[in-house]
Amino acid sequence: MCTSPTRRRTKQGSLECRPPSKRYVEALLSRIGVLERRLYQLQSSDARHIQAVPVPQSNIVTGGEVTQPALVTSSETSDLIRDLTQLYGHLDIAEDGHLRYFGAPSYFNLLRRSQYHPRMTDSASDSSDSKDEYHEISSGLTADVQSELLAHFWTWQNSWQYLVHKRKFCDAIANGVYDTYCTPLLLQCVLALAARYSDRVEVRDSPDMPETAGNALAEQAKAILHFEMESPTTSTVASLAILALREMSVNKEALGWTYVGMDLHR
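Going left to right, the sequence shown walks through residues 17 to 282 as the working numbering numbers them.
Treat the hints with care, as some may be off.
[Stated by the list, open to error] Below are the DSS-like pairs computed for lysine-lysine, each with C-alpha atoms no more than 30 Å apart in a straight line:
(1) K182 to K238
(2) K184 to K238
(3) K182 to K268
(4) K268 to K238
Hints were generated in silico from the structure; no laboratory data involved.
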């Protein structure tokens, strides 16, 4: 039986196994090394005053050779994490104040030295009056319910699917005013998806039907989406991705993939 993670079907109809790429293996080994060192540092509470932290006693096989554990400082661990983010990219705030995805695979790091000027279409100008009503943050939920839903989102969703810049988003929530990092559409999409993790009856259409959690929030998001699609931003892209995940979570896969397609064309 083939245990390779990559398989493709040949012209004859049989499955042919292909080994993972070298880059994929190197990324996994780097990730494992960082996690092992971090775990060892957390377990070694008595060694906080020691600058050099030894790697756990485990051999790492790379390219058929066995490498012995070495002493790694905290600065070197930070260097490894930086290397990983540079390899696969990361969200960052550009010079124009907008979120950008920088990294070698995307080549968007070239935008660091250029200013971004979004185009304003006539239809976007016509809908400016509709957007002006969204100034102070108001999700239609009580403060405690909204805080609980946001906590669910940061814990169970954004922690492994990093779509929203948490610090900038929370700053807007704390200030109580929408901005480019926390738009009405993005907030409604976040709350609609987070409602799937909550047991609160306040987020359900019917208190006795848990499957209706977040339906009203999702409908509000879709109504706002109609206006925001005229002049999309980075937050619009994140909103569409979250809305797609939400629709797929309620077994609406076709609609979810439709939002994915819209997201790819932004």
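- Task: Sort out whether K238 lies within 30 Å of K184, counting only the CA atoms.
- Result: Within the cut-off at roughly 23 Å; holds.
Are the Cα positions of K182 and K268 separated by 30 Å at most? holds, 27 Å
Given hint K238 paired with K182 - CA-CA distance at most 30 Å: holds, 23 Å
K268 and K238 were given as a pair; does the straight-line alpha-carbon distance stay at or below 30 Å? holds, 14 Å
Violated hints: none; the structure is consistent with every hint.
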